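Student: Residues per chain, in single letters:
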Amino acid sequence: MNTAPGVPGRRKDAGGQAASILHASQLSSGLKPTSRKSLWSKAISKPEFSAFLMLVAVFAAFQLYTGFFLSYANTRLLLTILPELGIVVLGVTILMIAGEFDLSVGSVFALVPMTLHALTARYGVDPYLALVLVLGLALLVGYINGAVTLSLGIPSFITTLGMLFVARSMSIVAVGGNPLALADYPFGDVLVVNFGYIRASLIWYVGLAVVLGVWLHASDFGNWIFATGGQAQAAKDLGINTRRVKITAFMLCSLLAGLAGIIQMLRTKAPLPSMGTGLELEVIAGAVIGGTALTGGVGSIIGAIIGAILIRSIDNGLVMSRVNAEWFRTALGVLIVVSVVLNVKAGQFFSRRR
Amino acid sequence: MNTAPGVPGRRKDAGGQAASILHASQLSSGLKPTSRKSLWSKAISKPEFSAFLMLVAVFAAFQLYTGFFLSYANTRLLLTILPELGIVVLGVTILMIAGEFDLSVGSVFALVPMTLHALTARYGVDPYLALVLVLGLALLVGYINGAVTLSLGIPSFITTLGMLFVARSMSIVAVGGNPLALADYPFGDVLVVNFGYIRASLIWYVGLAVVLGVWLHASDFGNWIFATGGQAQAAKDLGINTRRVKITAFMLCSLLAGLAGIIQMLRTKAPLPSMGTGLELEVIAGAVIGGTALTGGVGSIIGAIIGAILIRSIDNGLVMSRVNAEWFRTALGVLIVVSVVLNVKAGQFFSRRR
Amino acid sequence: SEYRFNYVMHSNTGQPFWGAVNRGMQDACKQLNVDCQMLFLDKDGDIAQEKTNLDASIAQHVDGIVTTIINDDVMDESVADAIKQGIPVIAANVDDSKHGAGNARLSFIGQDLEQAGYDLAAEMAKSFPDDDVQVVVNGVDLAQAWAAQRTHGIERFLQDYKKIHKGNVTWEVIEATYDTPTEQSRISAYAQSNPNLTAVIDVANAFPAALAMQDLGYAAGKVKVGGFDLVPPVMDAIKSGYQQVAVDQQPYLQGYLPIVQLFMMKKYNLGPWDVNTGKAMVTKDNIDAIEALSKEGIR
Amino acid sequence: MSVNVLSTAAAAVAARGTPLIAARGISKWYGAVNALKPTDFHVGRNEIVGLVGDNGAGKSTLIKILAGAHKPTEGHIEVDGKPVVLNSTRDAMRLGIETIYQYNAMIPQMSIARNIFIGREPIRFSLGPLRIMDFDRMSREAMKSVETLDLGLRDADTPVSDLSGGQRQAVVIARAMHFKSKVLILDEPTNHLSVKETNKVLDQTARLKEQNISAVFISHNMHHVHAMSDRIVAMARGHKIAEMAKDEVTVEDLHRILGES
Amino acid sequence: MSVNVLSTAAAAVAARGTPLIAARGISKWYGAVNALKPTDFHVGRNEIVGLVGDNGAGKSTLIKILAGAHKPTEGHIEVDGKPVVLNSTRDAMRLGIETIYQYNAMIPQMSIARNIFIGREPIRFSLGPLRIMDFDRMSREAMKSVETLDLGLRDADTPVSDLSGGQRQAVVIARAMHFKSKVLILDEPTNHLSVKETNKVLDQTARLKEQNISAVFISHNMHHVHAMSDRIVAMARGHKIAEMAKDEVTVEDLHRILGES
Ligand SMILES: Nc1ncnc2c1ncn2[C@@H]1O[C@H](COP(=O)(O)OP(=O)(O)OP(=O)(O)O)[C@@H](O)[C@H]1O
Ligand SMILES: Nc1ncnc2c1ncn2[C@@H]1O[C@H](COP(=O)(O)OP(=O)(O)OP(=O)(O)O)[C@@H](O)[C@H]1O
Ligand SMILES: [Mg+2]
Ligand SMILES: [Mg+2]
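Protein sequences appear in the order of chains L, V, G, F and P.
Sequential numbering from 1 applies to the first sequence in the working numbering.
Sequential numbering from 1 applies to the second sequence in the working numbering.
Sequential numbering from 1 applies to the third sequence in the working numbering.
Sequential numbering from 1 applies to the fourth sequence in the working numbering.
Sequential numbering from 1 applies to the fifth sequence in the working numbering.
Don't read these hints as lab results, they were simulated from the structure.
Note that the structure is predicted; figures quoted are calculated from it, not measured.
Glycine included, each C-beta is placed from N, C-alpha and C at the ideal position.
Mixed in with the good hints, there may be bad ones.
Derived DEER-like restraints, expressed as beta-carbon distance ranges [to be verified]:
hint	chain 1	residue 1	chain 2	residue 2	range
1	L	S71	G	K163	30 to 38 angstroms
2	L	P186	G	K98	41 to 49 angstroms
3	P	E147	F	D203	16 to 24 angstroms
4	P	E147	F	V33	23 to 31 angstroms
5	P	P122	F	V33	44 to 52 angstroms
6	L	P186	G	S240	17 to 25 angstroms
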């Protein structure tokens, strides 16, 4: 409810997307005389640009205030913990662009590694086979989310809220009563090995972001994702299988959440079924801060990355700034709102100038 | 994203509300020959009717399975805990009808009673004065939520997510380091006194529901709330001050959350700043189960009541059914989805028959 | 089965600690052939829901109830009510701070949270240097009673310690949560902005703090780390030397013993008795012996 | 016929006396877009004014200012010769200016009766700030208004989303007529409507004058505009480019003026 | 002239040989609503068929079935005389049937180029399932198609939400022409468009025949229908009620037929 921020250059219509079709005629002069904009002015009119500015501002402020924020050790830490959140934000951003929600990512973030852990440590399943099985499980969860939502015509908010409970419960069932030590995963190094400054997980994150970025922004399927989230009926009329697009996005979203959970479990060597509790709100906040519209059809991978970095940095920077524990969440809440506001305002400012 | 369930009798258009205007011409035969429906057929075509059926079905199933569910002791328990959730659902339902979200209700549910507690127990402020002050605080929080959302043009999802953190942090600040015993509240009895089978809070809940029901469904302001959430631009064009309507709804929502928090604190005699953590999702689920549209403009007080009862009963009924702890939330998640699905399907079934 | 017992507690299902308690309860129930149900919460420490679950158990007329009394007032009425109706109620894990005087529960099986915090801090202080000491306490989420009580115990020790210690003693309480990456990030950030940090004392699993030290490239033991409860990553942290102490309160016993006790009370009319399930300090010295048991979910 | 017929029209005004509403030199900027250049416009008593022009010419902008939905950047509005400030559409409605907007004129989820009375609900009784609507009166009066338009609607509780496009426009017109406004502004009221329903809307508009209601009629269909209007104003790129009495022009003239503009 | 001119029209069909597309006895139920009664309909080679009728008469329903967007409840479709089953709009597009829907024809947030190629993106190269779009070609071809329509558009990357209504319709027509479809279906393409832009759309439609493209033209403006069509089909309440060659009727006849229906 309420359209998303960060869509500069277009007037906000009360009725949202549909209205922007309706107001066709009002917009006839919308075509600026300078249609051939320079690359630069094109870049600064994008919502990601203002998110990026936000990022620079936040980094500069924390660094000036703490003196440590951009130190080797701290950036190393941030780069260690970023991928686990960031990978989930990638999936949720794409799903939100396709016009749907997923509240179950936090639970899937636990379910997948817990099942992997149970299969290997308890039942002695071959780690590779187990990995394949649990990634299949992640896809299945996403498929169920999508199929229930679309076939029964209920909001994904509800379907995935249900899945939030179900998947969390399942991850507890998976580990059972007695905590077992983590099995040895031959692929552990590939996912999380520490290279000194960075870990393998960062390479995975960057790699996934690049592949998904290309897929979303440059491939035909990506085009269909934007079309589906932007105006589902039109997309359907143009022959897009919007059901398939949405279900793919649901499945991808669960898959990435599960993968991120595996990475966290392998890195911390801690198979805790409580992993990722409350992650869903953090992730959606990250996506929105990065310029993704709650109403679908608008968003980007760069925005998803910036949003994830912001969420992680604000938290870390506030502790460095020695904010009192009691006031910590006040600062966090204010910063989230401020970053979205700046995002919107910066977007408007730059789009007015073009 | 995705329109709300439970709007029987109207086709679901891909484009949502705006589309239903657009498709005017397609609907010309929508006016059924039997325009003068009987009261009964009118009643069964309402989404609240199917929510009510759901309720009866759930009650019957739990009673048959457990044998205790509808016992004196258990219904007494249900009626004791219902008002605290129910009052919050009332506020959120009205806000959602007006087209906005509030994620901060869970934190306000703690902030208001904690501040009341701190004012009286720590600073010795007169309880009545303190009550007035904290209800004013609740209104202020709602005002800030609304004013920030509307003035800065950012989604209420983000504003109230920020407020979720801020208000929680404030409630911890309020109680400070060492826990103090609850002061004596002369108005405690008025709010929560135990009459044997029911408590005063139930009377408050019913009273509020009646007053708000009349206000929402029969008063001019209620008409404006539906209009604002249904099609904000049209409402504005018709001279409705949609900003005022929305801010009022935000303030009411916070006020009710705060009041419910006070009731819970007085009933449990426990001033805990963690009260109401995670309440926001439960409350929105209750509203949606009761037929409120996530997109605004559709919903009812009866639905809000039924939704709250369902959320509370499912939880309690599962306890009574001795569902294994590990599987408990699986059952909860499935039941939430099933109840919304039945709600939608029942709505469609009955509306097809009219 | 002969009896139905409910175990009403205050945590959500995600905690491995409670997994062990549940396991103890299940084992006892199997051995005694009784029908047991453990009632978890949706949200950790949601006292209103715990009370509701307690009331629902009473409404169900179960034969006995085990509960955790995480607040001195909230549960009083319901517990008294149950006992009046002939349902025995015993406390486990957390007791009323005034013990039997503050609540009608028949007995208590578990650990004194505040005291355990005190003891953990005392154990860690054994390795503190003679000069200035700077401690950070991760209070996890001070809005939750168990966390606040342990924090309080830790702070009480530090106050006492300050009086006898030669060097300066300073400490700060932060809420770093127990979500692994968040806690790691916050502890790490704190350590960097306080390069003279002596110790991190955690009121929950301390392994994220140990991980933070490791990832910062600190030598093992440069910053002392201590916390509660034994789970595999905690044992790894102790073995690696990044965590010095973990307080084990033997959760298996907190699940097993209350059921046995209720059974005895119902079947043979035996009286209730208190059990201290211990405040065993697990360190590098005794970790190996304990690990074997932990693998079976008994410790 | 020349495009420059402003003088003739001015004479017509003089004949009719003080205009009901008049816009004096109003202009409008939306940010950097100058949607309306300083323009005079008026509606006389018992007069239907046609307003035509290209997409984006500023027609909707002009009438939104008259309706109080937007504030002019420059200039002012006069009603019955007296300058007024319209702070909201409510102010305009109070002065008898009723508008049917091009888009989003109704709340689809709400009933006919409620839609007609939004913002002007009849109150049965008040309890302090709680003003209870008079549902009976709303249904009754809604039906009465709607019946005069002969739509085959028999239930004022039908949600508007169940109506056809023509029925919707009729309800909007009924709303305007119910409140006995002095001027009714219709912004492209026949879009998407069939021949039959278009005829009904045109009929109803023509009958407004019987009730002493003036109107502004905006349409891209020159046949309709010519048939309905007493006077026609043409706009292009925010300017008024022509103003002419209906008898002075043919439909073909109109096409030519707009085609060249 | 009588309404019953089906025979004359049938003769016309015979003259033109096998129709490009034909609907044989198709009907459509939406739940309990019988939107379309069993109906025959066809489009010949190099022919523009006008489709008229009341709101809710079933025009959009009929063409949505031809476009593959809905499945008929009964009956079947023939293309070039051969029965086909259209499971999606993609099937229809593949057979050369391109449609401009009455509502929601575009994704407003997306650029002109992307809108033109949605679902039929030119691929530069593929890496397994990852098919990378050829942006250059998309921009180039989009511009080329759009330029032929003379719209003053110079940047194919402009989002559609920045275009005027007429420009949008033109882009949709450009899309249809780009893919060299055999039949173009236009469902009320001139709604909300000004005289000038309407003329452009009518022009473009008229020029379709030069490129050997047939068309179905739906409108409530009988002047436009009459000007554009070779043959006109009238519908009412789900039935085809009349079918006539253009030369057999006048605009007034059409008004009468629809007014009486
Ligand atoms: N709210 C707004 N914000 C910014 N620009 C606007 C707004 N409303 C209209 N415009 C611009 O103002 C100009 C005039 O628009 P207006 O709606 O008045 O045209 P119109 O004559 O009604 O056109 P149509 O016949 O298509 O309805 C257009 O260029 C339009 O893009
Ligand atoms: N998706 C749908 N579900 C149910 N009923 C529908 C649907 N689409 C159309 N109808 C109904 O089918 C009938 C025919 O509608 P259709 O859209 O084909 O009319 P039309 O001739 O195109 O009218 P218009 O000129 O107003 O566009 C109408 O009664 C309409 O309400
Ligand atoms: Mg207009
Ligand atoms: Mg149609």
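Student: Look at each hint and say if it fits the structure.
Tutor: Cross-check of the supplied hints:
Between L:S71 and G:K163 the beta carbon distance is about 36 angstroms. The supplied range of 30 to 38 angstroms therefore holds. Look at L:P186 against G:K98: about 55 angstroms separates their beta carbons, and that is not inside 41 to 49 angstroms. The hinted range of 16 to 24 angstroms is not satisfied by P:E147 and F:D203, whose Cβ atoms lie roughly 44 angstroms apart. Under the hint 23 to 31 angstroms, the C-beta atoms of P:E147 and F:V33, about 26 angstroms apart, fit the expected range.
The hinted window of 44 to 52 angstroms between P:P122 and F:V33 is violated, with their beta carbons roughly 35 angstroms apart. About 21 angstroms separates the C-beta atoms of L:P186 and G:S240, a value consistent with the hinted range of 17 to 25 angstroms.
In summary, the structure is inconsistent with hints 2, 3 and 5 from the numbered list given earlier, while agreeing with the others.
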